[in-house]
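Protein chains: 2
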Amino acid sequence: MEIIAMAIPRNFGIRVLETTSTSWISPSKFTWNPSRKRGMIKMAQTEASPDVIKELSLSTGTYLIPHPKKVETGGEDAFFVGGCNGSVVAIADGVSGWAERNVNPALFSRELMRNVSLVIEEEQANFDPVILLKKAHSSTTSMGSATVIIAMLERNGVLKIASVGDCGLRVIRAGQLVFTTTPREHYFDCPFQVSSEANGQTYRDATVCSVQLMEGDAIILGSDGLFDNAFDREIVSTISDIKDAAEAAKLVANLAHNHSKDVNFDSPYTQEARTMGYDVPDWKKMIGKKLKGGKLDDITVIVGIVSANSRSSSDNTLKLDT
Amino acid sequence: MEIIAMAIPRNFGIRVLETTSTSWISPSKFTWNPSRKRGMIKMAQTEASPDVIKELSLSTGTYLIPHPKKVETGGEDAFFVGGCNGSVVAIADGVSGWAERNVNPALFSRELMRNVSLVIEEEQANFDPVILLKKAHSSTTSMGSATVIIAMLERNGVLKIASVGDCGLRVIRAGQLVFTTTPREHYFDCPFQVSSEANGQTYRDATVCSVQLMEGDAIILGSDGLFDNAFDREIVSTISDIKDAAEAAKLVANLAHNHSKDVNFDSPYTQEARTMGYDVPDWKKMIGKKLKGGKLDDITVIVGIVSANSRSSSDNTLKLDT
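Those sequence lines, one after another, are chains A and B. All you need for this note's numbering is the position in the first sequence, starting with 1, plus 126. All you need for this note's numbering is the position in the second sequence, starting with 1, plus 126.
Each hint should be verified, as a subset may be incorrect.
One copy or any two copies: either way a pair holds, since identical chains are not told apart in the list.
Straight-line Cα separation of at most 27 Å, DSS-like style, residue types lysine-lysine; simulated pairs [stated by the list, open to error]:
| no. | residue 1 | residue 2 |
| --- | --- | --- |
| 1 | 415 | 261 |
| 2 | 261 | 180 |
| 3 | 286 | 260 |
| 4 | 415 | 387 |
| 5 | 180 | 286 |
It should be emphasised that the hints constitute simulated quantities derived from the structure, not laboratory data.
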């Protein structure tokens, strides 16, 4: 169904780019078009009416690509998709620094996700990602630490999110990014992380938020391997026409994986690094070089597509990758 | 109160910047420091324990700087701070394009905010920003349109947000950005907007989300004049040591205002414009020029600082700028 939505641009014509600069706008890039004056826009109608409460559920797809040097062991990311209609999705990313203490970084993240699956089974009714994280973490006995994100979809469409560190979540609506989580770190490349250590971070350090989803929305969860290597605008355009969650997850993971191997890609990771003051030596800067390249890492992607009143029995399977 | 929190960096030493590039890290910018190996970090303890429910409230400060050409009329932004302990904060930004139809763009935004204040008074108990927006919009009779954001703080610390367009909200915790809203637009510089037109956007088009606040958090609401001219990292550093909400709002507004007048500033607005394909003509690019400069605009900033169990009668005043 389509509606005609009316919108007035902030400014009309050439003033659409009214900066304080005296620079000109390239005529090849911007042409004054009188038809914009009324801003008549056709847009897809994807919003569910708040007056009509629909039961929403997720159709999910997952894809994990390990770090190229960790293919045999499967990497250190772990994820969980479960609950009624895949209504609980979670990713844990084992902190690789533990390897230097001869601790396998995958053990903690995998056990944490396994414990999420157990807590969910025990207490299906307890619909709070913070409590789920608290219980799963407290029952994890492996040494190590992990960044973690847990998201739970209520049937009224509210997606509740708890995140510790730099796993992330995006919501895409009608081809546009409408919601994003914000990563949290102690300093560059040292994220908040739940830990086996008594004085580490816990559920109390989680960023807790929620977002009202609508029929047709897509949610994308990822470990930092996704968001360090792919820009949001790339993720949006990659899945904009994809209706199948599994296909979307594969495409997004491959997008990030390909960037991660590209030594010339100016990745989100290196852009952030430069903002934080890291760069190539000055003599390289003088010849036009800069810090660039993707970041090799485990890459986990979960895509959920929101549908209304369409709960199928095949969605009730519980998947656990550990 | 301080705690010692333990964190393990993703990778140790020089590998903290392990990109796929062969570029070197500047020794002047990064020095291997064995003390990072354990990542012992002192961090401020600002998190309230989820086990102890505190009553949270906002101490608010506001600052509005009109577009330099609209100083005499006060510009087209309007805002509202009210409710018990300033627990409802809102900004509306009148869409300037209406001026070309001989409609004063300020009328709609000002009436919308006035109606928010009336609906709040009538139905204090109805604590839903979407319903508040719906009722305020439906009772607005002026011709025009506006972007709008409404945020309401519940005493348990949940900040409920409804936003149509590109007004925005940030949450800063312990000196770090932890939450951000995402603007929504039809195309570059044409935001979603509630309108006097029957086929325009309404509350149904709002992005609806919430975030759990904690004692000591700062929230920053702004019209697009703020976020088009100031980067999040600048906003964070500007208010990091400021305890007074009014002083923080003034500092942040002046930061954006100064950038807006700077023809050489590479603003968020021009960076976004270049990403969307707008730029100077090719011949200027060839001599190293690019589209830059701030964006002259009305700039409204509301800062709220979250405190626990400290409701003072002086916070109960209702402020309305129309």
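Against the structure, the hints come out as follows:
1. Taking the shortest alpha-carbon separations for residue 415 and residue 261, neither the intra-copy value of 48 Å nor the inter-copy value of 56 Å comes in at or below 27 Å.
2. Taking the shortest Cα distances, residue 261 and residue 180 sit within 27 Å of each other only across copies (22 Å), while inside one copy they are farther apart (31 Å).
3. For the identical chains of this complex, residue 286 and residue 260 are neighbours both inside a copy (15 Å) and across copies (24 Å), given an alpha-carbon limit of 27 Å.
4. Proximity of residue 415 and residue 387 under a CA criterion of 27 Å is satisfied intra-copy only: 19 Å inside one chain copy versus 31 Å between copies.
5. For the homomeric pair residue 180 and residue 286, the shortest alpha-carbon distances inside one copy (17 Å) and between copies (21 Å) are both at most 27 Å.
When held up to the earlier numbered hints, the structure conflicts with hint 1 and nothing else.
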